[in-house]
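Using the sequences plus the hints, can you model the full thing?
Which chain is which? The protein sequence lines are F and W, in order. Counting from 1, one number per residue, gives the positions in the first sequence under our numbering. Counting from 1, one number per residue, gives the positions in the second sequence under our numbering.
FYI, nobody ran anything at the bench for these hints, they're computed from the structure. Predicted model only: the values in this text are computed from it and were never measured. It is possible that some hints are incorrect.
To be verified - Estimated spans, in silico, between C-beta atoms of each pair:
no.	chain 1	residue 1	chain 2	residue 2	range
1	W	D395	F	R120	19 to 25 Å
2	F	D89	W	N476	51 to 57 Å
3	F	D129	W	R396	19 to 25 Å
4	F	A100	W	D201	56 to 62 Å
5	F	D103	W	W470	45 to 51 Å
6	W	G305	F	D89	39 to 45 Å
Glycine included, C-beta positions come from ideal geometry on N, C-alpha and C.
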Amino acid sequence: MSHELTRRDAMAALSVVGASLAGCVAPSTDSDGGTDDGEQSLTDHDRETLSAVAEVLYPDDVTEIEPFVARYVAGRTSDRPEHATGIEDAVAYLDEYCRAWFDSEFTALSADDRDQALRRMGVDEVDPDPAGGDVERLRYYLLNDLLLALYASPTGGELVGIENPPGHPGGLVSYQRGPQS
Amino acid sequence: MSEDRTPSDRADVCVIGAGPAGALIAHRLAAASQEVVVLEAGPRFDPERRIEQMEDALRPSHGRPDVWGMGGERDAFTSSGERHYPLNHSRVKGVGGSTLHWQGMVMRLHERDFEVESRDGVGTDWPIDYDELRPYYAEAEAALGVAGASDNPFAPPREKPHPMAAFEPSHSDSIFAEACESLGITTHSVPNARNSEPYDDRSTCVGYGTCKPVCPSGAKYDATSHVGKAEAAGARVIDRVPVQRLEHDDAGERVTAAVYATPDGATHRQEADQFVIAAGGVETPRLLLLSDSPQYPDGLANSSGLVGRYFTEHLFAGTGGVIERPTRQHHVGFNTTESHHFYDDPAAGTDSGVPPAEADSADIGAIKLEFLNYAGPSPVETALTDGGWGDQLRDRIADTYGNSLAVGALVEQTPRRENRVTLDRSRTDDHGNPVPEIHWGLDGRTRRTIRRANEIQEAILEELGAEITWQVGPENTGPASHHMGTTRMGSDPGASVVDHRGRTHDLSNLWIGGSSVFPTGGAMNPTLSIAALALRTADRV
Ligand SMILES: Cc1cc2nc3c(=O)[nH]c(=O)nc-3n(C[C@H](O)[C@H](O)[C@H](O)COP(=O)(O)OP(=O)(O)OC[C@H]3O[C@@H](n4cnc5c(N)ncnc54)[C@H](O)[C@@H]3O)c2cc1C
Ligand code: SF4
Chain F
1 MSHELTRRDA
11 MAALSVVGAS
21 LAGCVAPSTD
31 SDGGTDDGEQ
41 SLTDHDRETL
51 SAVAEVLYPD
61 DVTEIEPFVA
71 RYVAGRTSDR
81 PEHATGIEDA
91 VAYLDEYCRA
101 WFDSEFTALS
111 ADDRDQALRR
121 MGVDEVDPDP
131 AGGDVERLRY
141 YLLNDLLLAL
151 YASPTGGELV
161 GIENPPGHPG
171 GLVSYQRGPQ
181 S
Chain W
1 MSEDRTPSDR
11 ADVCVIGAGP
21 AGALIAHRLA
31 AASQEVVVLE
41 AGPRFDPERR
51 IEQMEDALRP
61 SHGRPDVWGM
71 GGERDAFTSS
81 GERHYPLNHS
91 RVKGVGGSTL
101 HWQGMVMRLH
111 ERDFEVESRD
121 GVGTDWPIDY
131 DELRPYYAEA
141 EAALGVAGAS
151 DNPFAPPREK
161 PHPMAAFEPS
171 HSDSIFAEAC
181 ESLGITTHSV
191 PNARNSEPYD
201 DRSTCVGYGT
211 CKPVCPSGAK
221 YDATSHVGKA
231 EAAGARVIDR
241 VPVQRLEHDD
251 AGERVTAAVY
261 ATPDGATHRQ
271 EADQFVIAAG
281 GVETPRLLLL
291 SDSPQYPDGL
301 ANSSGLVGRY
311 FTEHLFAGTG
321 GVIERPTRQH
331 HVGFNTTESH
341 HFYDDPAAGT
351 DSGVPPAEAD
361 SADIGAIKLE
371 FLNYAGPSPV
381 ETALTDGGWG
391 DQLRDRIADT
401 YGNSLAVGAL
411 VEQTPRRENR
421 VTLDRSRTDD
431 HGNPVPEIHW
441 GLDGRTRRTI
451 RRANEIQEAI
461 LEELGAEITW
471 QVGPENTGPA
481 SHHMGTTRMG
491 SDPGASVVDH
501 RGRTHDLSNL
511 WIGGSSVFPT
521 GGAMNPTLSI
531 AALALRTADR
541 V
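Dropping the structure here:
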């Protein structure tokens with residue numbers, strides 16, 4: 001079964017991270033996820049890199065990743081410039097690392113090499129830390145940010161059996177009912 | 001927001017601390033046209049930031065105390081007892097106090113809790129009984145907004161239903177209900193200080209599931225509510241002004257001023273006719289000890305020598321495991337079923353499965369069982385700590401989430417004289433004051449009670465055919481963040497710090513609000529009783 005990430009998921013994820021929903025609910029070019037307004041301090045390359053990282057992190061059957069990530073990140077960074085800087089720095093470090101080991105930027109790598117690049121740098125081993133070293137910050141700003149966005153959204157929750165995951169204001173019905181399938 | 005932190009010219013009442021005790025007292029007195037000034041050590045938190053705080057709480061890189069800014073030099077402390085006491089995990093400094101972080105379970109003490117000495121020969125009796133507090137409990141439930149039902153056969157008598165309907169039981173409650181029924185254990189709803197419907201201009205609970213440490217919707221009661229009401233009634237609330245000491249008159253009979261520090265380094269004196277300390281069960285005795293004087297060489301209002309003594313907590317006991325069916329945890333962050341079956345008579349067994357305890361009921365304290373709606377790791381927690389990704393991560397999350405369940409319990413701690421809050425004169429806080437030192441340990445009766453709670457929990461999980469994977473028992477137990485006993489209430493000035501009204505025996509205009517006045521603590525979360533006593537004290541100030 002494919003699990004399509006929807007606009008509702010992006011908004012749900014944003015409600016977790018405290019971002020303004022304005023950028024998300026405003027009419028926007030849905031297809032590429034680009035939003036209007038000047039809230040985007042990240043470059044296209046930053047956003048493409050985040051989507052590329054999400055493709056590695058999210059389970060294979062999750063679809064519509066790019067618009068989900070674009071909407072999520074847009075809302076996320078509009079209220080929190082320091083968070084945007086954290087993401088920019090993490091993307092810059094990721095590219096620098098990939099150029100050193102693979103001779104190209106992260107987005108230009110094959111799916112396998114992207115996975116390898118992250119493993120090789122040991123991002124799976126370090127603790128996430130917004131004030132830590134390069135790899136710890138990368139874990140915080142790229143990996144954990146994107147994993148939080150997915151697993152605090154209804155679609156991400158449903159992948160593992162919870163329609164109203166912590167952080168999502170999913171109401172008072174789901175906790176009372178038994179398994180759905 | 002009040003930027004002017006200079007003292008008010010004229011104040012009838014100065015309240016120290018803006019948690020629920022201080023806020024309720026300030027509100028009631030301001031509503032009665034008293035000039036009230038509230039001095040609060042911590043900041044006003046911006047409600048707009050609550051969703052961000054929730055994110056921090058979900059992310060493993062931010063520790064629990066960080067979410068509400070606890071820690072650092074301001075909050076330094078020493079823990080020197082037989083058990084470590086994690087003080088900054090168990091309180092918040094700020095407008096709203098520790099209710100910013102709390103869980104919001106609110107139940108009345110049972111009648112037996114007011115007379116444990118008479119019944120069991122331990123601790124001491126309260127100078128008031130349940131009937132005396134009963135009308136104030138009803139007022140407290142209306143003030144906080146309690147969702148509850150009258151389905152608890154063990155609860156003390158009440159006059160009318162709770163202000164809101166109880167939350168419906170969870171799916172996981174229904175699993176426990178079957179097991180408890182066959183074991184002959186009676187279960188019932190949990191009174192929650194959270195909105196099951198819109199109440200007092202706050203929204204209905206929307207199921208964020210992160211109640212402890214932060215509810216972004218405002219559905220969970222916190223004391224910013226009564227701080228707001230107090231301000232609307234004319235009280236002045238000044239944040240970030242820790243009171244350093246209290247001064248008294250030459251006779252040592254009345255407090256004359258609260259000396260407080262401001263963020264810009266200034267020191268001011270707030271004078272008032274009456275003073276109420278509501279600084280929590282650790283800072284209240286600390287402030288009295290810091291306010292020593294030639295008349296009170298052992299600390300203000302401390303003729304009894306009991307200021308800081310009998311520091312009493314509730315202990316957590318828990319047993320958890322997995323069963324072969326989905327348990328649907330973590331949809332909400334609060335509990336919907338509990339049991340007071342083993343509260344008044346913890347040693348008794350049931351007819352059909354729970355054996356009696358080896359000890360007599362007088363040798364075991366009260367036990368309140370809680371059926372958790374948030375057992376085991378949540379998906380987000382696993383996702384952010386696992387380190388992996390992709391399908392493998394998804395599979396591991398699905399494996400660890402889904403089949404967990406747990407029965408927790410609050411267990412009564414026998415008050416002990418040697419459990420106490422003192423001043424550690426070898427360390428100072430950000431204002432150069434000696435930090436609080438917590439001496440804390442458990443006696444045999446408390447350990448027995450924890451063990452008894454574990455026995456009952458095991459019986460329930462075994463009845464369900466669960467595989468038990470963890471247990472919190474007498475050796476690895478921890479405190480429930482309830483700071484009681486350190487300025488105990490009583491009739492005898494030689495054996496207590498405040499009288500039945502909450503006024504110190506030593507000084508005629510010094511009052512204390514909060515669970516530091518509890519002579520014993522039962523096994524009920526304390527804040528409804530704090531609120532009831534605060535309202536009662538406010539009527540007498
Ligand atoms: C994690 C957690 C979960 C909890 N869950 C529950 C629950 O489910 N049910 C329940 O009943 N209780 C619960 N509690 C306990 C509950 O929060 C407290 O009982 C309650 O907040 C105490 O109220 P208070 O007003 O006496 O003190 P507090 O709420 O602690 O407020 C005291 C205030 O005084 C201020 N202060 C301290 N010193 C000074 C000074 N020198 N000058 C000026 N101000 C000062 C502090 O900054 C603070 O804001 C929980 C607590 C925690 C931490
Ligand atoms: S589940 Fe808890 S955090 Fe969520 S809205 Fe309800 S009370 Fe608030």
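How the hints compare with the structure:
Between W/D395 and F/R120 the beta carbons are some 23 Å apart, a value that agrees with the proposed interval 19 to 25 Å. Range check, F/D89 to W/N476: about 41 Å between beta-carbon atoms, so the 51 to 57 Å window is missed. For the hinted restraint 19 to 25 Å between F/D129 and W/R396, the CB-CB distance of approximately 22 Å keeps it satisfied. Checking the proposed 56 to 62 Å range against F/A100 and W/D201 shows it holds: the Cβ atoms sit about 57 Å from each other.
The hinted range of 45 to 51 Å is satisfied by F/D103 and W/W470, whose Cβ atoms lie roughly 49 Å apart. Separated by about 58 Å at the C-beta atoms, W/G305 and F/D89 break the suggested range of 39 to 45 Å.
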